[in-house]
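Undergrad: Protein sequences appear in the order of chains A and B. Residues in the first sequence are numbered from 1 upward in steps of one, following the working numbering. Residues in the second sequence are numbered from 1 upward in steps of one, following the working numbering.
In short, the hints are calculated from the structure, not lab data. Just so we're clear, the structure is a prediction, and the values are computed from it rather than from any experiment. Even for Gly, the Cβ is constructed at its ideal location relative to N, Cα and C. Hints should not be assumed to be uniformly reliable.
Unchecked claim - Over 12 Å on every C-beta distance to chain A, these chain B residues come out as not near it, computed from the model:
(1) Pro-140
(2) Leu-310
(3) Leu-419
(4) Trp-424
(5) Ile-506
(6) Pro-514
Stated by the list, open to error - Computed, partial: chain B to chain A, Cβ under 8 Å:
(7) Leu-308
(8) Val-317
(9) Leu-379
(10) Leu-380
(11) Lys-405
What the hints assert, rightly or not - So these bits of chain B aren't anywhere near chain A, every CB distance computed over 12 Å:
(12) Leu-399
(13) Pro-406
(14) Ala-525
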Amino acid sequence: MSLSVQHFTRTYVGSGGSAFTAVADLSFEVSGGEIVGLIGPNGAGKTTTLRSMAGILRPTAGHISIDGHDIVDDAVAAKRVLAFMPDEPHLFEYLTVAEHLRLIARLFAVEDFEPRARALLEELELTGKERSLPGELSRGMRQKVVIACGLVRPASTLLFDEPLTGLDPVGIRRMRQTIVDRARAGACVLLSSHLLHLVEEVCTRVIIMDRGRKVADGTVAELASRADLQAAGSNLEQIFLQVTGQNGDDRKVHSESES
Amino acid sequence: MLSASLYIIICTARNRLLMRVRRLREPRYLIGAIAGAAYFYFAVFRRMGRGGGRGRSSFSPSALLARYGGAAGFAGVGLLLLAALAWIVPAESGLLAFSEAETHLLVPAPVTRRQLLVYRLLRSQLPLLFGAAISAVFVPLAAERRLRFGVGMFTLLVTARVYFTGVTRARARLAASSAAERSVAWAPLAFLLGAITIVIVSIVRVHGLLPLDTPEGLLSTVGRAIGTWPSALVLWPFTAVMRPLFAPSDAEFFVGLALALVVLGCTVEWVLWGDGVFQQAPDNVPEPTMGRRGSVQAARARNVGWTLGLSGRLDTVFLWKNAMQSLRSTNLVSVLPIAGTAILVGVAFATARMSATNQRAPAAALAIGSLFMAAFAALLGPQMVRSDMRGDLQHLDVLKTWPVKPAVVIRGQLLWPTLALTLWVWFALGCATAFSAAAFPSLAVGVRLSLSAAALVLAPALVAAQLTVHNAVAVLFPAWIPSGSQRARGLDAMGQRLILLAGVIIVLVVMIGPGAIAGGILTFAFYRVMGPVSIVPAAAVCVAVVAVEIAILTELLGAAYDRIDLPQVERSE
């Protein structure tokens with residue numbers, strides 16, 4: 001079980017032919033059992049990377065492979081072992097919660113669907129909402145349905161884009177545990193989030209992106225020991241601010257507020 | 001609040017116009033704008049310059065109806081039936097569908113609910129004004145009457161929209177526990193039922209039962225009946241709204257307009273007053289229309305009685321998904337029993353009439369109507385039923401993560417609309433065949449049955465071929481297909497639609513052509529031996545050729561689907 005990204009580049013062509021490179025020459029690997037945090041400021045290219053890994057966007061250059069299957073050349077096999085949980089809960093307006101899970105079970109040929117679905121609905125506190133349409137659910141509930149759709153199949157690679165958005169404290173705690181449990185079971189997990197304390201707590205490794213490029217990769221301890229980051233200390237937030245060059249702005253904000 | 005409403009309306013209109021001008025830098029919009037402008041020039045301005053349809057045809061429906069008591073009276077009866085139909089067929093006017101921004105910025109603002117409703121009423125005027133202007137341009141009238149017609153149409157559209165909103169809200173309270181709510185909800189329905197009863201009784205009094213001998217007899221009977229005082233009284237609000245459309249002089253127009261405005265004012269006041277009563281009721285039910293625009297109404301999922309199996313072909317997953325989406329998003333399930341009953345009553349009436357009095361007219365009308373319905377479903381259905389890739393472009397980011405071969409996705413997307421439309425066409429053709437003897441007495445039974453069988457065989461191929469072309473457009477030019485329920489607006493969007501329509505027709509002709517030629521040759525070869533029955537195997541050959549073409553096309557489109565880039569997909573304005 002592994003996820004491999006090699007020299008991945010993604011360029012958007014806007015109106016009038018202007019091009020914008022969202023991600024440039026990104027390479028990294030995630031092994032089974034690892035939870036890798038993908039962090040970066042807004043516009044760093046995290047979501048573009050995750051959506052390209054999920055097969056939603058085509059890489060402009062480079063390769064992405066899931067369990068050895070290229071997401072472009074062998075898309076069906078790659079997608080079969082992949083679960084992507086986006087930050088925006090996109091659901092079919094007129095399918096119920098139970099029907100969404102059933103649809104996914106059919107598409108991904110889930111064998112033990114009924115017990116898995118029951119357990120998941122219980123785990124994500126969706127019991128009793130099986131016959132609800134997405135329009136009847138709160139944003140947090142819809143996010144849970146998306147997560148349930150991702151977890152109902154036995155995927156070896158899990159991609160989470162801001163998985164805790166809209167969840168309540170109990171949901172956040174359960175979700176955190178779910179992510180850890182899946183990794184312990186051997187899945188490779190890539191998690192994008194702005195919640196640095198969550199990343200620090202659950203991730204075994206961190207990749208920091210800035211303006212489409214990877215600017216740091218390693219465990220928090222490894223990053224803290226880097227010569228250029230020693231001033232930041234062992235706190236991921238400080239490391240992040242240092243790496244992305246935002247700590248200066250931060251100090252400025254502090255000094256302005258103090259004055 | 002009024003100034004704030006006007007500020008929002010003016011700023012929105014100005015910024016929308018600027019945005020549309022700016023996007024002309026993109027070739028797809030520029031080409032669309034050129035096509036749209038050309039269409040407008042040739043279809044509208046040149047037409048106006050020629051003085052409309054004057055002199056083109058001596059037939060004038062309003063002149064004909066004037067002989068029987070006036071067109072406004074007949075139009076009033078039509079409006080009364082439409083007003084009653086609004087209670088039976090669930091429809092939303094969308095008037096109170098607040099946008100996300102309105103929900104988050106205006107609803108929490110310190111304004112009354114009445115002011116919010118008035119704001120929405122004002123906001124809905126611009127599209128109606130545009131619609132009225134377009135209808136005034138296209139109606140075959142002398143140039144000097146167009147302005148009067150446009151103003152009259154605008155008043156009618158506004159009144160209808162406000163009325164439909166009131167009906168939607170009242171219908172949800174018909175079974176409310178509060179007596180005040182129930183009385184407000186039932187009062188207009190009771191008035192309508194009373195009005196219809198009075199009109200029917202008046203017609204029966206004038207002529208007796210079933211005045212269907214001749215069209216002239218029918219018009220004369222209805223004209224005389226609606227002119228008598230109880231009918232004229234109950235029809236007054238409906239006739240008053242229609243009168244400005246048919247006013248022959250400026251003086252009559254202004255009098256008619258004043259009366260129509262009185263009706264509009266009463267309708268607005270009824271909706272606002274009803275809303276006040278509904279809001280004060282202790283068991284205030286959730287508003288069916290005060291939702292976010294484009295969001296799913298908070299209604300429980302209707303049980304359609306079809307559970308997706310956990311194994312099987314993957315293309316049937318799309319069949320199931322699209323069927324669920326269609327059956328739940330439309331009011332098809334609630335409309336079907338009504339439509340079914342109406343059809344059964346029509347069939348029983350036509351049959352009884354034919355066997356009792358040997359009158360063929362009702363049966364012939366049913367046959368012609370059914371044929372028209374079949375042709376409509378087969379030729380325009382694929383354009384209208386968008387529960388395929390066109391509707392799913394907004395879900396592309398979900399679909400793309402599914403482990404399904406692209407060609408299977410395309411084929412799967414075609415299944416539901418093909419099935420639904422084919423069943424519809426078959427049903428209509430069945431009705432037409434059953435009564436074909438009355439409509440086409442000169443044709444022999446064998447000819448009629450052969451034609452009918454050939455049409456039944458051809459229908460799925462014709463529908464599937466058109467859907468394939470529409471889906472090909474969605475896959476090859478996703479940016480030209482508006483995603484979701486929003487409809488792209490503006491001159492450029494209209495031009496895009498015209499170009500697409502022309503392209504679809506050309507491709508369809510190319511697709512059907514080889515099958516039609518093969519079928520034609522077969523008919524020519526075997527007609528002497530088999531007679532008219534030969535067109536049935538000819539139709540089957542045509543279907544086989546089209547099926548092969550569709551199979552090849554879906555494979556090719558699969559590759560194109562794989563290459564669709566999400567940013568290409570048009571987002572709503």
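Undergrad: Indicate, hint by hint, whether the structure satisfies it.
TA: Consistency of the hints with the structure:
1. Pro-140: holds, 41 Å
2. Leu-310: Not fine: 6 Å to the nearest Cβ puts B/Leu-310 too close to chain A.
3. Leu-419: Since the minimum Cβ distance to chain A is about 18 Å, B/Leu-419 lies beyond 12 Å and the statement holds.
4. Trp-424: holds, 20 Å
5. Ile-506: Answer for B/Ile-506: holds, closest chain A Cβ roughly 28 Å.
6. Pro-514: holds, 33 Å
7. Leu-308: holds, 5 Å
8. Val-317: Holds, because the Cβ-Cβ distance from B/Val-317 to chain A comes to roughly 6 Å (cut-off 8 Å).
9. Leu-379: violated, 27 Å
10. Leu-380: For B/Leu-380, the interface hint is violated, since the closest Cβ of chain A sits about 24 Å away, which is over 8 Å.
11. Lys-405: holds, 6 Å
12. Leu-399: Label violated. Min Cβ-Cβ 9 Å, cutoff 12 Å.
13. Pro-406: It is violated; B/Pro-406 is separated from chain A by about 8 Å at its closest Cβ, not greater than 12 Å.
14. Ala-525: At roughly 46 Å from the nearest Cβ of chain A, B/Ala-525 sits farther out than 12 Å, so the non-interface label holds.
The structure is inconsistent with the numbered hints 2, 9, 10, 12, 13, although it conforms to all the rest.
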